[in-house]
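These protein sequences, in sequence, are chains G and D. Under the numbering used here, the first sequence is numbered contiguously, ending at residue 238. Under the numbering used here, the second sequence is numbered contiguously, ending at residue 450.
Treat the hints as calculated values from the structure; they're not laboratory data. Just to be clear, a hint being listed does not mean it is correct.
Said to hold, decoys possible - EDC-like mimics (lysine to aspartate or glutamate), calculated; alpha carbons at most 16 Å apart, straight line:
#: 1; chain 1: D; residue 1: Lys121; chain 2: D; residue 2: Asp165
#: 2; chain 1: D; residue 1: Lys215; chain 2: D; residue 2: Glu177
#: 3; chain 1: D; residue 1: Lys121; chain 2: D; residue 2: Glu168
#: 4; chain 1: D; residue 1: Lys51; chain 2: D; residue 2: Glu342
#: 5; chain 1: D; residue 1: Lys210; chain 2: D; residue 2: Glu115
#: 6; chain 1: D; residue 1: Lys2; chain 2: G; residue 2: Glu120
#: 7; chain 1: D; residue 1: Lys2; chain 2: G; residue 2: Glu192
#: 8; chain 1: D; residue 1: Lys2; chain 2: G; residue 2: Glu198
#: 9; chain 1: G; residue 1: Lys71; chain 2: G; residue 2: Asp179
Said to hold, decoys possible - Derived, one-sided and incomplete: chain D residues facing chain G with beta-carbon distance under 7 Å:
#: 10; residue: Lys121
#: 11; residue: Ala124
#: 12; residue: Val349
#: 13; residue: Leu353
#: 14; residue: Ala356
Ideal Cβ positions, reconstructed from N, Cα and C, are used throughout, including at glycine.
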Amino acid sequence: MSDRQAAVQLEHISRHYHMGASSVRAVDDVSLMVPESEFLALLGSSGSGKSTLLNLIAGLDRPTAGAILAKGTNLATLSSWELARYRRNTIGMIFQSFNLLPRMTLEENVELPLRLAEVERSERAGRVREALERVRLTHRIGHRPAELSGGEQQRVAIARALVNRPKILLADEPTGNLDSATGEAILSLLRELQTQMEMTIVMVTHERPLAERYADRLATMGDGKLLSITSAARGAAQ
Amino acid sequence: MKARDLTDLALRNLREAILRNALTTLGVAVGVASLVAMLSLGVGLQQMASKRLSQSGLFDTIFVTTKNSFRGMGRPQREGQSDKPARPLDEDARHELEKLPNVIEVYPQVRFYTEVRFNNKPYATVVAGLPESSRNSGAFEGMQGNFFSSPSAHEAILQIDFAKDLAEKPASLVGQELTLRYAERQAIPAASGASSNEGETPGGFSIVPKELRLKIVGVVETEPAPGYGGVGNARLLMPLETASTLRAAQVNDLREVVRGSDTPNKVTYASLSVRAKSPSQVAVLEASIKNLGFNAFSLLDASKSLQTFFSVFDSLLGIFGSLALAVATLGIVNTLVMAILERRREIGVLKALGAADSDVQQLFFVEAGVMGFLGGIFGVGIGWLLGRAITTGTNIYLKRQNLNPIELSSVPLWLAIAGLVFAVMVSLLAGLYPASRAAKLNPVDALRYE
């Protein structure tokens with residue numbers, strides 16, 4: 001692991017919120033290195049700061065202190081426009097509630113990041129089909145999200161996240177809205193794609209058993225602090 | 001994001017809440033329609049006034065007189081006027097004026113008091129010669145009868161009030177004949193037998209009563225380009241060439257004799273009318289004529305006042321018309337602010353997928369612009385229909401009053417384009433706040449929004 005370069009490196013990251021007179025330390029002095037092609041699971045109870053940390057890595061939020069290096073670039077120094085470009089080209093995101101646009105078909109949903117990245121129209125159809133093939137949903141390409149099960153919707157969300165071929169996939173409780181069997185299938189798919197595409201995955205979850213089965217390492221947070229980093233069973237096996 | 005993708009997404013978003021967006025667009029359309037309808041009335045009235053005035057020939061015509069012309073009873077002499085004889089308005093002067101740039105034609109004012117006999121009754125009136133160019137001036141559109149058959153025809157067109165003096169039904173006069181009795185100027189042979197000058201002999205002229213029969217060919221509302229400093233509006237019009245050959249004594253003939261002119265026997269004109277190619281060239285031409293040593297007068301200043309009046313009038317109409325558009329603007333702001341609330345989570349997703357603030361801003365801008373564009377197109381159409389409806393209604397009323405129909409409203413191309421552009425601009429302005437608000441949404445908060 002130590003031989004691999006860092007895909008994400010957090011150096012003394014803090015994110016404090018001011019609520020009236022009091023200050024909430026959502027993330028408090030966290031340092032962490034996620035090597036390339038690693039599957040890291042961020043564990044912790046509600047309010048432990050794991051989702052805030054994921055948003056910071058995604059460039060959706062800015063740290064109060066510290067540096068976030070993603071593929072060598074310090075996100076703190078990037079402008080709003082550069083952060084948007086980073087989200088378009090370097091990372092992919094999936095969410096607990098899928099966040100597909102309900103009025104769009106699967107094809108259109110998956111095409112959306114390509115539109116934002118200004119990929120040529122002639123190239124888009126192939127890229128969309130390729131992404132949907134990876135999640136085995138090409139036969140539903142013309143359907144709308146409401147016509148799909150939860151698991152299928154999450155697979156579409158994964159296809160959308162992968163269509164721009166990101167180096168880092170950030171997943172915020174991807175199994176939170178799914179039954180255990182479907183959740184397991186999703187994680188199995190993520191693991192498979194990570195291997196195929198040599199991606200780094202940072203996944204927020206509170207389902208430790210699942211994380212232990214599929215992640216390489218487990219980082220546990222509590223009260224905004226990084227409490228521990230351990231190798232998962234799978235990671236230990238490698 | 002590329003423009004085509006932005007437009008695709010914007011149209012998709014607009015279709016999503018089709019009823020609300022259609023109503024907002026309709027609001028814009030009503031606003032633009034009211035603006036276009038108001039301005040079309042202003043433009044129509046202006047065009048009508050300009051047409052009438054251009055038909056009168058007043059604004060492209062300069063009236064030229066000699067420097068020592070009478071200014072009228074009781075009016076003070078011009079400054080710097082001396083005893084030095086002024087340049088006479090003769091054939092030489094006429095040719096010189098014709099050579100000035102941007103001059104279409106120069107014609108003399110042949111205008112004299114005389115007596116007309118019709119049905120053995122005498123009528124005193126003013127006769128004026130009309131140049132052939134008057135045929136196309138538009139002043140004779142809608143006249144009863146016809147214009148002169150030829151430039152030298154022995155024909156007359158009567159002004160309607162004069163025609164009413166002659167007969168109860170003016171139209172019945174067309175085709176009938178009247179007799180013109182006038183004073184012809186005849187040369188007196190010189191006692192000394194000096195050399196002749198233009199067919200007249202030095203020694204002056206005598207006045208001989210003459211008659212000429214004229215066929216009435218038409219009846220017109222007003223005389224185009226009434227003379228200035230002359231003898232008032234003419235009530236009987238005849239071809240200028242015919243009027244000139246009459247050699248009827250005019251006011252200036254007597255004046256030249258009284259003043260002891262060097263060439264009392266030479267033909268001079270009381271005034272000449274110089275027609276410019278367009279009213280915009282009148283000012284320069286007027287200055288050139290003055291430089292030649294003549295008095296020149298035009299109604300250019302009156303024309304400018306008219307333009308100023310209509311500019312103010314149009315502005316007022318525009319302001320009233322814009323009120324509805326202002327209300328429609330608030331509708332756009334409301335619709336887009338509602339859309340931000342409804343699509344808050346979607347905006348968060350877009351940002352998470354890599355949309356920049358500017359992408360989100362442009363998306364809302366395009367939506368506002370599309371509503372403005374569609375509203376503008378419908379609005380211009382509805383405005384045009386409103387204008388037509390007002391014109392039709394007015395003309396029905398005028399017809400009942402036995403008056404000629406008028407073109408009350410007009411939507412020229414510039415007004416249609418301006419209405420459309422204005423609608424888009426106002427809509428974009430209305431989209432400014434919602435678009436900026438959407439762009440500034442914190443993506444983390446937006447993604448949490450249920």
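For each hint, the structure was consulted:
Pair hint D/Lys121 plus D/Asp165 holds up; C-alpha atoms about 11 Å apart against a cutoff of 16 Å. About 4 Å separates the Cα atoms of D/Lys215 and D/Glu177, which keeps this hinted pair within 16 Å; it holds. A C-alpha spacing of about 15 Å is found between D/Lys121 and D/Glu168, which places the hinted pair at or below 16 Å, so the restraint holds. Taken as a hint, the D/Lys51 and D/Glu342 pair is broken in the structure, with Cα atoms around 55 Å apart against an allowance of 16 Å.
Proximity of D/Lys210 to D/Glu115 is assessed by CA-CA distance (about 11 Å); at most 16 Å being required, the pair is judged to hold. For a cut-off of 16 Å, the pair hint linking D/Lys2 to G/Glu120 stands: about 10 Å separates their Cα positions. Proximity of D/Lys2 to G/Glu192 is assessed by CA-CA distance (about 34 Å); at most 16 Å being required, the pair is judged violated. At roughly 30 Å between alpha-carbon atoms, D/Lys2 and G/Glu198 are farther apart than 16 Å, so this suggested pair is violated.
Simply put, G/Lys71 and G/Asp179 have alpha-carbon atoms about 34 Å apart, too far for the 16 Å limit, and the pair is violated. With a cut of 7 Å, the hint placing D/Lys121 at the interface with chain G is violated, because the nearest CB-to-CB distance is about 89 Å. Checking D/Ala124 against chain G by beta carbon gives a least distance of about 86 Å; that is not within 7 Å, so the hint is violated. Interface hint status for D/Val349: upheld, as the beta-carbon distance to the closest one in chain G is roughly 5 Å, under 7 Å.
Hint status for D/Leu353: holds, given a least beta-carbon distance of 5 Å to chain G, under 7 Å. For D/Ala356, the interface hint holds, since its Cβ comes within 7 Å of a Cβ in chain G; the closest pair sits about 4 Å apart.
Violated hints for the displayed structure, listed by number in ascending order: 4, 7, 8, 9, 10 and 11.
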